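Protein chains in written order, with the working numbering: chain F, 139 to 561; chain X, 37 to 273.
Everything labelled a hint here was simulated from the structure, so no lab data went into it. These numbers were taken from a predicted model, which means no experiment stands behind them. Each residue gets a CB set at the ideal place from its N, CA and C atoms; glycine is no exception. Treat the hints with care, as some may be off.
As the list claims (entries may be wrong) - Think about it this way: if two alpha-carbon atoms lie no more than 20 Å apart in a straight line, the pair counts; the simulated SDA-like pairs of lysine to any residue are:
(1) Lys118(X) with Gly195(F)
(2) Lys150(F) with Thr142(X)
(3) Lys158(X) with Lys413(F)
(4) Lys150(F) with Lys158(X)
(5) Lys413(F) with Arg154(F)
(6) Lys118(X) with Leu484(F)
Said to hold, decoys possible - Not close to chain X: a few residues of chain F, all C-beta gaps over 12 Å, as computed:
(7) Thr146
(8) Leu304
(9) Leu316
(10) Thr430
As the list claims (entries may be wrong) - Computed list of chain X residues with no C-beta within reach of chain F, every gap over 10 Å:
(11) Gly84
(12) Asp98
(13) Ala104
(14) Gly109
(15) Ala154
(16) His166
(17) Gly187
(18) Arg228
(19) Gly234
(20) Asp264
(21) Gln267
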Amino acid sequence: MIAPELATDAVKNLLRHKLRSFLTALGIIFGIASVVLMVSVGEGGRQTILKQISELGIKNIIVNAKKPPDDQDSMKQEQSWLLKYGLTFRDQKQIEETVPMVEQVLPVHDVKRPIWFKSRRIEAKVRGVSPEYFDALHMAPIMGRVLAAVDGRERKRVAVVRARLLREAKYVGDPLELDLKVGKEWFHVIGVLPDFEFQSPNKAVLGIDDRALEIYVPFETVRDRFGLTSYTQRSGSFENERVELSQMVCRVVSEEKVLEAARCIHAVLGKFHDKRDYEVSVPLEQLESLQTTQETFNTMILITAAISLVVGGIGILNIMLASITERTREIGIRRALGASRGDIVLQFLVETVVISTIGGLLGVGLGVGGAPIVSKFTGWQTAITPWAIVLSLGVSMLTGIVFGLYPARRAAYMDPIQALRHE
Amino acid sequence: MSDASASILDLRAIEKRYGTDKNPVPVLRGIDLRVEPGEYVAIAGPSGSGKSTLLNILGCLDRPTSGAYFLAGDDVAQMDDKSLSRIRNTRIGFIFQSFHLVPHLTVVENVEMPLFYARVPKSVRRKKAHELLEKVGLGHRVKHVPNELSGGECQRTAIARALTTEPALLLADEPTGNLDTTNSRAILALMRELHASGRTIVMITHDKDIAANAPRRVALRDGLVESDSGQPAGSRA
Chain F
139 MIAPELATDA VKNLLRHKLR SFLTALGIIF GIASVVLMVS VGEGGRQTIL
189 KQISELGIKN IIVNAKKPPD DQDSMKQEQS WLLKYGLTFR DQKQIEETVP
239 MVEQVLPVHD VKRPIWFKSR RIEAKVRGVS PEYFDALHMA PIMGRVLAAV
289 DGRERKRVAV VRARLLREAK YVGDPLELDL KVGKEWFHVI GVLPDFEFQS
339 PNKAVLGIDD RALEIYVPFE TVRDRFGLTS YTQRSGSFEN ERVELSQMVC
389 RVVSEEKVLE AARCIHAVLG KFHDKRDYEV SVPLEQLESL QTTQETFNTM
439 ILITAAISLV VGGIGILNIM LASITERTRE IGIRRALGAS RGDIVLQFLV
489 ETVVISTIGG LLGVGLGVGG APIVSKFTGW QTAITPWAIV LSLGVSMLTG
539 IVFGLYPARR AAYMDPIQAL RHE
Chain X
37 MSDASASILD LRAIEKRYGT DKNPVPVLRG IDLRVEPGEY VAIAGPSGSG
87 KSTLLNILGC LDRPTSGAYF LAGDDVAQMD DKSLSRIRNT RIGFIFQSFH
137 LVPHLTVVEN VEMPLFYARV PKSVRRKKAH ELLEKVGLGH RVKHVPNELS
187 GGECQRTAIA RALTTEPALL LADEPTGNLD TTNSRAILAL MRELHASGRT
237 IVMITHDKDI AANAPRRVAL RDGLVESDSG QPAGSRA
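All chains, please: the whole structure from these sequences, using the hints.
If you want it as structure tokens, here you go:
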């Protein structure tokens, strides 16, 4: 094997013309850097989405109550009356009884009451939930505990909060000694949940943008202490709403049954609701649609990568052709001393691969170094994966081979006699 | 294939034509020549006599149009590129008029190059190159690049390089053509020394005085051997 020695020679050769070598590799450097960056942006996005969807639970179907659009007729009739909409206990019961794929329906009721900590009002959402809710949405406390069955049974005034809430409240003491006032009731904090790990624009798409500031209290406590009717003052007029369930989390027996279960839930709810006052969101479906988006993005990356590497490769091709003309006599000498055509091909091929690989390494460095900067300026998550680096280096080597082959063959097929005479 | 008792060079009716089939330009028109091991032959001729073409064929850089060429017993006339490269590497040591050293490599790197293509490990190559450079009196110049050397030193480097693979034949093309008188004498003396130590040398030159250094002189004219002084009596057989 003479290739390792040829590689050493190639490095020496490239170092003889540092600027030229750098300029030769420049196309590859930027090509690879942009590939690494795009892959890291894509990967970052993918991880964020995956994380969010797994936070919603891949085996869950989430049904949210939705205020129906204000249409003029109902406004006239129901003005100053009680506005009833959303999910009901009957819905919950129907789904539990008629959809066999759903093993459990967890009720959620959102309390529309102001929350106070000392004299500070905190904008947060209070959700009455059952103990299984935490398990279904993969929530584990970082401090204290989540709600238990006994809390609901005894209508305890206890709450589990997000860590961010403590920061918003500017509370510095022991979180488990904190009391919050919801409406006119005092709640004692028994557990703290971690913040959502990712912050990204996709949150709004998934309808979970305000989950960072949720307070969870026992469902039964909410139902019995606050009732299910809420009064909101809106631009001078009062609005009375009655929403039995703000949300239902339907736990499906297995991942394969999720889509089927979603169809059944649609059918069941459709029967009891004439207005579209609910929406069914299926994290699994969202995951699948996001995967399609991801594939589109990957194709884009591929095209960009291909274009930039062709540009980089042409740069190498160009310089290598010039270099071969310049080194014609050397090629003649080597041939006279016994280098076969194969030896000459190998020599120049190794040289282009060395330059493109070094370019690739610098490009990876640039991409890895640039990813946090891109993150900082765009707010996108980026993630560098080992396979992206390995792939980039592989591709840069391949570029060297593809674009080095023609100059190398041209060098090898020179007539040695002519080459020796070349000045 | 290779036969120890065979001639180093055995050319039979070597012809070389350029141009097209319809309009051939004959350069060599039937050369017969035998060179035995240990001989020192000068091939002289005016320009246009075909000596460069003959040199290229002798050096396995070119192939004859017709005729047979045995180099140390092997028929090399119609070998493919790979085999010819191997023959050049192992059997022939070139000494050129303009030295043909690779300018960006050091003296020792230039000298060891043929052994690189013979796939000899680096340490062995280095040792051999150093030995040969000592022998030609350049032991103090190994780390220099050709630009830092005088013409005579360059040619001695090239001679050291020609010797690295212990070739059967040293092929010198106007070895003193680019040198001043003093250096020319030194190089010719070195070649006589090599001959004395048993090397087979073929030197191509246009200069009768230079050719006179060789015990046997072959004159070339218009693609044919015009005269051959023959092997002098008393030289080794």
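Do the hints match the structure? See the list:
A distance of roughly 66 Å separates the Cα atoms of Lys118(X) and Gly195(F); the hinted pair therefore is violated under the 20 Å criterion. Using a Cα cut-off of 20 Å, the hinted pair Lys150(F) and Thr142(X) holds, with the two alpha carbons roughly 12 Å apart. With a C-alpha separation of about 86 Å, the suggested pairing of Lys158(X) with Lys413(F) is violated against the 20 Å cut-off. The straight-line distance between the Cα atoms of Lys150(F) and Lys158(X) is roughly 16 Å, inside the 20 Å bound, and the hint therefore holds.
Only pairs whose Cα atoms come within 20 Å are accepted, and Lys413(F) paired with Arg154(F) is rejected, the gap being roughly 78 Å. At roughly 14 Å between alpha-carbon atoms, Lys118(X) and Leu484(F) fall within 20 Å of each other, so this suggested pair holds. The non-interface label for Thr146(F) is inconsistent with chain X: the shortest C-beta to C-beta separation is roughly 10 Å, within 12 Å. Every beta carbon of chain X lies more than 12 Å from that of Leu304(F), the smallest distance being close to 68 Å; the non-interface claim holds.
Consistency note on Leu316(F): stated as away from chain X, and its beta-carbon is indeed over 12 Å from all of that chain's, at 74 Å minimum. With a least beta-carbon separation of about 54 Å from chain X, Thr430(F) lies farther than 12 Å from that chain, consistent with its non-interface assignment. Residue placement check: Gly84(X) keeps its beta carbon more than 10 Å from all beta carbons of chain F (closest about 17 Å). The non-interface label for Asp98(X) is inconsistent with chain F: the shortest C-beta to C-beta separation is roughly 6 Å, within 10 Å.
Annotated as non-interface, Ala104(X) keeps its C-beta farther than 10 Å from every C-beta of chain F; the closest such distance is 21 Å. Taking the minimum C-beta to C-beta distance to chain F, about 19 Å, the non-interface status of Gly109(X) holds against the 10 Å cut. Annotated as non-interface, Ala154(X) brings its C-beta within 10 Å of a C-beta of chain F; the closest such distance is 7 Å. Taking the minimum C-beta to C-beta distance to chain F, about 18 Å, the non-interface status of His166(X) holds against the 10 Å cut.
At roughly 17 Å from the closest C-beta of chain F, the C-beta of Gly187(X) stays outside 10 Å, upholding its exclusion from the interface. With a cut of 10 Å on Cβ distances, Arg228(X) stays outside the contact zone with chain F, its closest approach being about 24 Å. Against chain F, the non-interface label of Gly234(X) holds: every CB pair exceeds 10 Å, the least being about 22 Å. Listed as outside the interface, Asp264(X) is consistent with that label: its C-beta sits roughly 26 Å from the nearest C-beta of chain F, beyond the 10 Å cut-off.
For Gln267(X), the non-interface assignment is confirmed: its Cβ lies about 28 Å from the closest Cβ of chain F, beyond the 10 Å cut-off.
Consistency note: the structure conflicts with the earlier hints numbered 1, 3, 5, 7, 12, 15.
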